[in-house]
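Student: Sequence:
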Amino acid sequence: MGSSDIAPSHAPQWLVPLSTVLLGTGVLFWCVTYVLMTRRSMQTRSYGMPILGLVINVSWEIVYGFYVAEMLFEKLGFTFWLLLDLGLIYTTVRFAPEEWESTNKFVGRHMAWILALLLAIGCWGHYAFASWWLSRPGIGSGDKSGKWYYGEDGYDTTELAYWSAGLSQLVLSSSSVAMLVVRGHSGGTGYMIWLCRFIGSLFGLGFCNGLLWWYWPEAHSYWTQPMSIFICGLSMICDVVYPFLLWHVRKTERVVANGRLVGAHVLEQGEKKGQ
Numbered sequence: 000m001g002s003s004d005i006a007p008s009h010a011p012q013w014l015v016p017l018s019t020v021l022l023g024t025g026v027l028f029w030c031v032t033y034v035l036m037t038r039r040s041m042q043t044r045s046y047g048m049p050i051l052g053l054v055i056n057v058s059w060e061i062v063y064g065f066y067v068a069e070m071l072f073e074k075l076g077f078t079f080w081l082l083l084d085l086g087l088i089y090t091t092v093r094f095a096p097e098e099w100e101s102t103n104k105f106v107g108r109h110m111a112w113i114l115a116l117l118l119a120i121g122c123w124g125h126y127a128f129a130s131w132w133l134s135r136p137g138i139g140s141g142d143k144s145g146k147w148y149y150g151e152d153g154y155d156t157t158e159l160a161y162w163s164a165g166l167s168q169l170v171l172s173s174s175s176v177a178m179l180v181v182r183g184h185s186g187g188t189g190y191m192i193w194l195c196r197f198i199g200s201l202f203g204l205g206f207c208n209g210l211l212w213w214y215w216p217e218a219h220s221y222w223t224q225p226m227s228i229f230i231c232g233l234s235m236i237c238d239v240v241y242p243f244l245l246w247h248v249r250k251t252e253r254v255v256a257n258g259r260l261v262g263a264h265v266l267e268q269g270e271k272k273g274q
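At position 13 of the sequence shown (counting the first as 1) the number is 12 in numbering that gives the first Met the number 0, and the numbers step up by one without a gap.
Be aware that a few hints might be false.
Computed spacing ranges between beta-carbons, pair by pair [claimed, not checked]:
no., residue 1, residue 2, range
1, T78, S8, 31 to 37 Å
2, R108, V180, 20 to 26 Å
3, E217, I120, 31 to 37 Å
No wet-lab data here; the hints were simulated from the structure.
Glycine included, each C-beta is placed from N, C-alpha and C at the ideal position.
Assemble the whole structure, with the sequences as input and the hints as a guide.
Tutor: Structure below.
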């Protein structure tokens, strides 16, 4: 977002193009994450992205791809993202009955309807925030001069995307840790998947906005605000903890006859029932 911005005279001319490249790098690593996660999910008969994280990300891409994005390459980028999301949605719906068999069969059997309902709510929420932000110029932190959107000055889609994507990132990072703990297995996930999404978040949220703040602070002061530090800081803590937790989980998980991974606690429960 923000590829049509015009930086002030004190900022280098390469600032906006380089920030766009950094954002694109983040998008690329997230695309790889989606592909690897779908592949791993098929191999382990599970799904790799937490349901709430999947919903908030897909609804974000729908709203920003079809409503917020201005430039053609931005729209194409979001469209490509959504196509890759189909693999995540498919594996979630297909393997949910097995994944929820021992906890809540109703959720597993009706996962398609649950995702549809949550996606509708997610799109509603993202649209409500984006439409308010774009309702008049000047909304956001600092001086929005040079922030152009459909030929009008003062509309900062970079900050808009930062807050909404930051919230999505926090939900995904924290729920990914929670899912590992609850499941006790690594179905649909892995070290390379974690690394790609971690790098994607660093470039897309961190390096891109940090560069803009360094050279154009009057329009990007949001990057150092307490809420921003909380959202990004807590997300990073979850992402840094994740591979260590993943290592611990993979030591105790087991492969069952059909190729699925299960946690050691599930096997113990099954053995007790069989006694």
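Student: Hint numbers the structure violates, sorted upward?
Tutor: Violated hints: none at all, because every hint is consistent with the structure.
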